[in-house]
Amino acid sequence: MIKKVLVANRGEIAIRVMRSCREIGITSVAVYSEADRTSMHVRYADEAYYIGTSPSNESYLVIEKIIDAAKRSGAEAIHPGYGFLSENAELSDRCKKEGIIFIGPSANAISTMGDKITARKTMIKAGVPVIPGTTEKISTEKKAIETVKEIGLPVMIKASAGGGGKGMRLVKKENEILGALRAAKSEALSAFGDDTVYVEKYIESPHHIEFQILADKYGNTIHLFERECSVQRRHQKVIEETPSPIMTSKVREEMGKYAVAAAKAVNYEGAGTIEFIVDDKLNYYFLEMNTRLQVEHPITERVVGIDLVKEQINIANGMKLSYKQDELKQNGHAIECRIYAEDPDNNFLPSPGIIKHITEPLGLGVRHDGYVYEGYEIPIYYDPLISKLIIWGKTRDETIKRMKRALYAYKITGIKTTIKFLEKIMNTPDFIKGKYNTHFIENNFNFLMTEQKSVGDCEDIAIITVFMDYMNNLEKIRPKISSELQVNNWKSCGRKKSLMRL
Amino acid sequence: MIKKVLVANRGEIAIRVMRSCREIGITSVAVYSEADRTSMHVRYADEAYYIGTSPSNESYLVIEKIIDAAKRSGAEAIHPGYGFLSENAELSDRCKKEGIIFIGPSANAISTMGDKITARKTMIKAGVPVIPGTTEKISTEKKAIETVKEIGLPVMIKASAGGGGKGMRLVKKENEILGALRAAKSEALSAFGDDTVYVEKYIESPHHIEFQILADKYGNTIHLFERECSVQRRHQKVIEETPSPIMTSKVREEMGKYAVAAAKAVNYEGAGTIEFIVDDKLNYYFLEMNTRLQVEHPITERVVGIDLVKEQINIANGMKLSYKQDELKQNGHAIECRIYAEDPDNNFLPSPGIIKHITEPLGLGVRHDGYVYEGYEIPIYYDPLISKLIIWGKTRDETIKRMKRALYAYKITGIKTTIKFLEKIMNTPDFIKGKYNTHFIENNFNFLMTEQKSVGDCEDIAIITVFMDYMNNLEKIRPKISSELQVNNWKSCGRKKSLMRL
Amino acid sequence: MALEININNRKANVELLNKDNNKIKVSVDGKIYDIDLVMVENGVYSILYKNKSYNVELTQNKSGKKYIVNTLYNSYDVEIIDAESKYLKSRQKEHIDEEDTISSPMPGKVVKILVKTGDKVKAGDTVIIISAMKMESEYKVKKDRLIKNILVKEGDKIDGNQTLIVIE
Amino acid sequence: MALEININNRKANVELLNKDNNKIKVSVDGKIYDIDLVMVENGVYSILYKNKSYNVELTQNKSGKKYIVNTLYNSYDVEIIDAESKYLKSRQKEHIDEEDTISSPMPGKVVKILVKTGDKVKAGDTVIIISAMKMESEYKVKKDRLIKNILVKEGDKIDGNQTLIVIE
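Residue numbers (my numbering), protein chains in the order written: chain A, 1 to 502; chain B, 503 to 1004; chain C, 1005 to 1172; chain D, 1173 to 1340.
Isolated chain A (complex conformation):
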């Protein structure tokens, strides 16, 4: 049984993993870069190992250093969190060779799902619906034009090694095909070192809906229902919820079965996510599999009542799944808001800096997963995610209102955050009605970006507070001023000496 786990990550996810380790009596080992000596995951862990300078490609992304820290600490297992090396087949493989348990799937599962064309082929073979398109790479420009015409416009040209929106081009008109193809290939080459591209039908108003799955080493695979992840900004999820407001129980059951089939097709082990693209008529297509824990996993934990990290560790320990499919149900509603150190008023530029003051929301239905503290400086080297607010309510309506209440009480000064932007989303009619797709933010951009008008005396109150603070500070530094005066006096010391009581 695993007694010590090295968490090859930082920030909120490292702490989240360590919390579950602590609950089941597992010693946790942190790794940290130069910039992270004072980071909370180092403080929270039982042990901590330095693994290099601040840029992640000199620390968190260096397999050698992670393996070395694991050996030195005597950790039997490595949990990769999300991001960094979490979907790196080489790490999974290397762990195997070193006799360290990788808390995640096999290298083969990671690679198969990591290459989009291979994944598409595998899914088609497993009977999982995929977006109409090619299953082979586009070999010639002539073939490309033929294929696009076959599928029918509009289409997406996508990099097989792709991710994060890179090497992707939307084609709406026939005369755009060649230009888009060349651009996608060149971008794919420079981003991933591989210019393989393929073509998919473009879904007009897509929803991103994903299914959480768990699979043990004995072929038992279950799904933990869906998460609706359509609130995105530049292909980055901003808000997630479960259940999806557009889901029906019939479609849920179907998609769940396909999600399980998709995982089984790659002999998946551990926790993973099958992402689907869903159109307004609830037609759904396999999009990709994330072979790791997701940022948004807590909403599933809240509604299904299962600690996913504990299940990951159980599975890694070679134990059978603790739950059967028919024992699981969705209880109430959960929404996650991701709070980023970004300035919504300045094109969401990252806003690293020192946390001056923080008030965390508390109370009924509030889960908060974060890692910053007062006086902590958010480093410039990593993802600007500060924390995640996970709110539960009996109904979707209650959950939205509770989220508003929690965001209202959540205060961070010293840096810019997306809190007010998230509050705006909670007040957007399309979101409240649950009628939204991945175009939500662009469709509602004006509403979301309109500054709240000053209410009542707020502006004058702000003025008065600044005024009083400034005055108080002046008073505090007065002694300094008088000591400056003393220096002046000192200069004329000889002259005034007779007047002073020395």
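Everything labelled a hint here was simulated from the structure, so no lab data went into it. All values reported here derive from a predicted model rather than from experimental measurement. We put the beta carbon where it would ideally sit given N, CA and C, even for glycine. It is possible that some hints are incorrect.
[Said to hold, decoys possible] Pairs of lysine-lysine, DSS-like flavour, derived with a Cα cap of 27 Å:
#1 Lys906(B) <-> Lys4(A)
#2 Lys71(A) <-> Lys310(A)
#3 Lys858(B) <-> Lys1312(D)
#4 Lys320(A) <-> Lys935(B)
#5 Lys831(B) <-> Lys719(B)
#6 Lys896(B) <-> Lys4(A)
#7 Lys4(A) <-> Lys858(B)
#8 Lys922(B) <-> Lys937(B)
#9 Lys404(A) <-> Lys1015(C)
#10 Lys420(A) <-> Lys766(B)
#11 Lys812(B) <-> Lys598(B)
#12 Lys356(A) <-> Lys424(A)
#13 Lys1320(D) <-> Lys913(B)
#14 Lys1161(C) <-> Lys424(A)
#15 Lys320(A) <-> Lys896(B)
#16 Lys394(A) <-> Lys668(B)
#17 Lys1161(C) <-> Lys453(A)
#18 Lys1069(C) <-> Lys356(A)
#19 Lys639(B) <-> Lys599(B)
#20 Lys310(A) <-> Lys505(B)
#21 Lys752(B) <-> Lys329(A)
#22 Lys401(A) <-> Lys505(B)
#23 Lys1070(C) <-> Lys420(A)
#24 Lys505(B) <-> Lys3(A)
#25 Lys1161(C) <-> Lys1120(C)
[Said to hold, decoys possible] Listed below are several chain A residues computed to face chain B (Cβ distance under 10 Å; list not exhaustive):
#26 Gly25
#27 Gly114
#28 Asp307
#29 Gly363
#30 Leu364
#31 Gly365
#32 Asp369
#33 Trp392
#34 Arg396
[As the list claims (entries may be wrong)] Label-pair distances were calculated between CB atoms; the ranges are:
#35 Asp570(B) <-> Asp1081(C): 20 to 30 Å
#36 Asn848(B) <-> Arg1182(D): 16 to 26 Å
#37 Asp1033(C) <-> Thr555(B): 29 to 39 Å
#38 Val1115(C) <-> Asn175(A): 50 to 60 Å
#39 Asn1022(C) <-> Pro557(B): 54 to 64 Å
#40 Lys752(B) <-> Lys320(A): 51 to 61 Å
Position chains B, C and D against the provided structure of chain A, taking the given hints into account.
Frame of chain A; chains B, C and D shown alone:
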């Protein structure tokens, strides 16, 4: 419909009530005493009214001032929280006369349940089992001896107006009867101005198990299952959990029905709690009714999934209950730990003072209801409750381990707290096994009070940290020292002048 | 005690009329406010005005004269205008036109400098690339320019609003 | 730089041997520690020693020489012994025997004073009643005593460990 609520309380419960108000769009009004100007409930509320000097009998307990603040603010309703005026029939009555909605039961229900003898009679009439004993006050000493013999030793002599362990005497031997009777009467007279006492059979190893009920104005009454409250120190609850580890579904159903019957017997409206005393064989007897929200209500909210304050407001608004009995179920397990500003190493003396630093536990399954913040001074005038940790887990075992994880991460400096004592309870074999009654703390006192032995290098680490902190401070104040030197220099200014560059 | 305060392009005259512990009387552009104001946490004020409860959070810049102020729903940039500020402002205008420098609004790291002192660059040319938190931003010149001075080198950590390159 | 430090009836000699930013080498009673120590929050230190992560929280008393130290599971009272402390200690012993004063370990309010200066009281007599947080505590003398001086009056707010009554 209620649009504005005055919360006639302070501390965590005032904020907890205001949170639910905010979620349903109700404006909240705080009242505060002199000591509470900087208290979080004043900061959290939409409005705040000063109601007097710090002692509670000059502020929070003065009905006149509460009513006056309600009128001035235009609040349509008053929520009393727990403690203070929450079980004061006069306030309920006065509200009625003033046309203000009292979020709680009628004066009649409060008085009937407030007088122990009347409550006993009412329960007997309603068919609810009560502890064998008298239903009339003890009129003469002769009658007392007869009654005690009839019931059989051991017995408790109790003040009818009693509460909090005052005016209560245990009688184990016949020759103790008269002494105990006189002592109880005199204590009752001085504590409550009423020396009426009665006699009850003493239950040897009792459990305190209570049922949460909700009742609307139309006679619909439901229960929300039990809470086990046997971990007590001097009749004060320390830890509560639900479900009770000794409960069976058969007994739960029976007791639930009696709890509903008890509430109906006084035409109860709102949220209330029926306390039972339960022996090891699961014989149960009505003990008393608390005609208000309990400190420990959040564990019920977590396991049943209902916001009790919202239900209270719904009921006060004249709406029907949102739930039927058969729609409710217990989902998982919840434990509450009450964190007090008390020094466990010094006989639990209250430890008011300034919060220097606080780290709140976060993450999966953690609810935290508190009110203090860094720099806040816990006043000496009120209850030393700092906050409540409410932990949920799929099983009781997971919940205990998660509570330990949360307590481990919960840090408060500047004052003494009971956090370490609560951690000890979580490690006590009787508690882990779920085999405990109200004698738990005395039975395990030695275990609970044994200081954790210094582990490894902890003591030297403590020494080194103090050493370095002290050194750093010396460096910081060095400029001051040099300025003192300047003063000395100044004194000899005349002498040294020629040597100095002025 | 009176001061001039800038907020949202408004210049307000503020005067403290009376102070009795946390009870203050202040005039803002002639309007009188009776306010109960107390600093409850570092930079956080609790304010009661006409029984309304306000929480105001201040973040002060290094000079101590510029504040970011968060109230319930609004965030304001507020500036204290005293004699010193007025002097500095007038001086700044004389010497440094904001258009004559390139700076990044956020702290980060210099990834690449594409020019050297003395270079003549054309409108739209990228002169420097800054990275912060997984994101690289290119900074371009708006007009044809001459690179007068480069104040940083590749690999340098930079502060927000630090002048990186002086152009002419 | 060396100091004497009192902890749990142990007197430890501590010496700083080397310091390179947050990496320090310290000797405690001759045992050498190589430690990575950094103050992360006000009074909170993160310490790495042999790759173990410790969090240590300090609360300092007003004199700056007494600390309450919270480590993972233990709480220690720690005192710095320097020349000044030694002098004060010796002086204190001469003048004030701890038994000659009555004080409350916690802050609170004086509810009632049952004696006046000059009174002779008997062992076990209550001399003063203090309330703090819904609880009243009676303070009694252990031997027959003379009330020498009463430093507080009824209704006074008092600090923890403040001398309330001097007895003889």
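Evaluation of the provided hints:
no.	hint	result
1	Lys906(B) <-> Lys4(A)	18 Å, holds
2	Lys71(A) <-> Lys310(A)	23 Å, holds
3	Lys858(B) <-> Lys1312(D)	32 Å, violated
4	Lys320(A) <-> Lys935(B)	26 Å, holds
5	Lys831(B) <-> Lys719(B)	23 Å, holds
6	Lys896(B) <-> Lys4(A)	24 Å, holds
7	Lys4(A) <-> Lys858(B)	34 Å, violated
8	Lys922(B) <-> Lys937(B)	21 Å, holds
9	Lys404(A) <-> Lys1015(C)	34 Å, violated
10	Lys420(A) <-> Lys766(B)	47 Å, violated
11	Lys812(B) <-> Lys598(B)	21 Å, holds
12	Lys356(A) <-> Lys424(A)	24 Å, holds
13	Lys1320(D) <-> Lys913(B)	42 Å, violated
14	Lys1161(C) <-> Lys424(A)	34 Å, violated
15	Lys320(A) <-> Lys896(B)	17 Å, holds
16	Lys394(A) <-> Lys668(B)	41 Å, violated
17	Lys1161(C) <-> Lys453(A)	37 Å, violated
18	Lys1069(C) <-> Lys356(A)	17 Å, holds
19	Lys639(B) <-> Lys599(B)	32 Å, violated
20	Lys310(A) <-> Lys505(B)	44 Å, violated
21	Lys752(B) <-> Lys329(A)	25 Å, holds
22	Lys401(A) <-> Lys505(B)	16 Å, holds
23	Lys1070(C) <-> Lys420(A)	22 Å, holds
24	Lys505(B) <-> Lys3(A)	55 Å, violated
25	Lys1161(C) <-> Lys1120(C)	19 Å, holds
26	Gly25	8 Å, holds
27	Gly114	29 Å, violated
28	Asp307	6 Å, holds
29	Gly363	5 Å, holds
30	Leu364	6 Å, holds
31	Gly365	8 Å, holds
32	Asp369	6 Å, holds
33	Trp392	8 Å, holds
34	Arg396	13 Å, violated
35	Asp570(B) <-> Asp1081(C): 20 to 30 Å	41 Å, violated
36	Asn848(B) <-> Arg1182(D): 16 to 26 Å	22 Å, holds
37	Asp1033(C) <-> Thr555(B): 29 to 39 Å	37 Å, holds
38	Val1115(C) <-> Asn175(A): 50 to 60 Å	37 Å, violated
39	Asn1022(C) <-> Pro557(B): 54 to 64 Å	29 Å, violated
40	Lys752(B) <-> Lys320(A): 51 to 61 Å	32 Å, violated
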